[in-house]
Amino acid sequence: MTQTKVISGGVLALGLVLGAVWGLTLTLGSATQAQTSQAPMSVEALKAQIEQTAQEELANGCLEKNEFGRDVFCGSSKEKMDALHDQIQAAIRAETIRSADQVEAVKSNIREMVGSPSLDLRFDAAVSNPYTEKNDVKVEYYKDAAGTMYMVNPATNKVLAFTFNKVFQVSADKKLSVEELRSKADAYLTKHVDGFAQVKSEYTLEEGSKGDVHVFRYNAPKAVGGEDMIPFVQVKLSAAGELVGFSDIRSLFQ
Amino acid sequence: MNTLKMRIAGFGGALMLLAGILTVGATPAFAAYYYHANGGSYWSQSGSGWTTTNNDGYCVSGRGPCGSHLWYFQSNMNHGGCGFDAYGRWDMAHIVAFNGVTAAWIDGVGGGTMYGAGYGIAYNFASGASLTINQNNYWEEFAPLGTYYRTSAVDLHDGWGPAYACNSVTGLRVEFDEVRLDV
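Protein sequence lines, in the order shown, are assigned to chains A and B. Each residue of the first sequence is one higher than the one before, counting from 2 in our numbering. Each residue of the second sequence is one higher than the one before, counting from 1154 in our numbering.
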């Protein structure tokens, strides 16, 4: 059922041009800085370095097919490009991370949400949020050692969403009834969601499950702010009542 | 704050772009997002056994940038053992020199149950990451896949991801739906 369509290239090009002009401006500025200091390479200098190294490695380096049939770097080419990727990720994080106080506030909120006071976390990225199309609300991602990504609203430092990647398989003797799970979900949301009583009274509860993962989701009566996505609050629990994931994306639409 | 928005839709709205240049204080920040629909302009698939679930997934009537011909998600029952039978790929129409978070929409009822879904991310010109994502733990939401510089493609097959390589378990549903890149 593959379909092929053509994107409106002229309009698309406009986006490219705007990004390129802005990038070029920064690149020129960064190049000047790099000549006058021994500071770590700037993001723009690293972009240029990556571009140059990539072209060299693509032309003369080690490439192999991955499982999807794509050409990927291997050997020393991979080592070089992986190192540069690590560097630019670190440089971008350094440019976009907020103050230490704010970072600690976020980490504290995440740890409280998951009930793990010593959870090791690091700031990962600041990007557009995945749920709105018209409202420019940037979000932040924090990551723990297991790779779980926590989406945070920097305006509030509150957690917007997270889901653990582990498998929850529950033996029959440990399974709770739906009533018990509903009660646990209610207690969790009451504790962690601002104004949950109002959510309960105005939103529609949707319950469902996939295997041993149960979801308790409250959908807003309608979309708001000209967006398509209907705001929701949800908690996911294993059949034994363990926390699987959480979302409260209401603040993206305000 | 100066914000410039552009919205680009291909024929039928298979891909949508919003790009903004946000200026906060002295530090400019680039913000943009890109949808890539299964069945859309930059999607390709291989293999057999595909199931189509109509008017479900992220793009449905009243939600998402897609035309009505894209209001569906696809799935394939997982391949047991090593390798895979089918795959889908979302090539990024617009490769940007920024860090981006890719996320895949996973449905609720009838959605992905594959706890070891094998995703691939192409980034940084020709770097590749292999990921294992538990689709079973998501419900009507975007599952973040990872943060990479200059993301150029997302791949997903119906076999087991690296965390469960060559697992013999079968009978799980692998979901292929919209992928969004946020930078």
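Derived from the structure by calculation, the hints contain no laboratory data. Where hints are given, some of them may not hold.
Label-pair ranges, simulated between beta-carbon atoms [claimed, not checked]:
#, chain 1, residue 1, chain 2, residue 2, range
1, A, Glu65, B, Val1322, 26 to 36 angstroms
2, A, Ala198, B, Cys1319, 29 to 39 angstroms
3, B, Ser1201, A, Glu105, 51 to 61 angstroms
4, B, Ser1214, A, Ala101, 28 to 38 angstroms
5, A, Gly196, B, Gly1202, 39 to 49 angstroms
6, A, Glu203, B, Gly1202, 19 to 29 angstroms
7, B, Ser1199, A, Asn61, 43 to 53 angstroms
8, B, Val1322, A, Asn220, 47 to 57 angstroms
9, A, Gly209, B, Val1322, 21 to 31 angstroms
10, B, Ser1221, A, Ala95, 14 to 24 angstroms
11, A, Asp87, B, Cys1319, 40 to 50 angstroms
12, A, Ala173, B, Thr1323, 39 to 49 angstroms
Quick caveat: nothing in here was measured; it's all calculated off a predicted structure. Note that CB positions come from ideal geometry on N, CA and C, so glycine has one too.
Going down the list of hints, with the structure as the test:
no.: 1; hint: A:Glu65 x B:Val1322: 26 to 36 angstroms; result: holds (29 angstroms)
no.: 2; hint: A:Ala198 x B:Cys1319: 29 to 39 angstroms; result: violated (50 angstroms)
no.: 3; hint: B:Ser1201 x A:Glu105: 51 to 61 angstroms; result: holds (52 angstroms)
no.: 4; hint: B:Ser1214 x A:Ala101: 28 to 38 angstroms; result: violated (47 angstroms)
no.: 5; hint: A:Gly196 x B:Gly1202: 39 to 49 angstroms; result: holds (46 angstroms)
no.: 6; hint: A:Glu203 x B:Gly1202: 19 to 29 angstroms; result: violated (43 angstroms)
no.: 7; hint: B:Ser1199 x A:Asn61: 43 to 53 angstroms; result: violated (31 angstroms)
no.: 8; hint: B:Val1322 x A:Asn220: 47 to 57 angstroms; result: violated (33 angstroms)
no.: 9; hint: A:Gly209 x B:Val1322: 21 to 31 angstroms; result: holds (22 angstroms)
no.: 10; hint: B:Ser1221 x A:Ala95: 14 to 24 angstroms; result: violated (45 angstroms)
no.: 11; hint: A:Asp87 x B:Cys1319: 40 to 50 angstroms; result: violated (30 angstroms)
no.: 12; hint: A:Ala173 x B:Thr1323: 39 to 49 angstroms; result: violated (22 angstroms)
Checked against the numbered hints above, the structure violates hints 2, 4, 6, 7, 8, 10, 11, 12; every other hint is satisfied.
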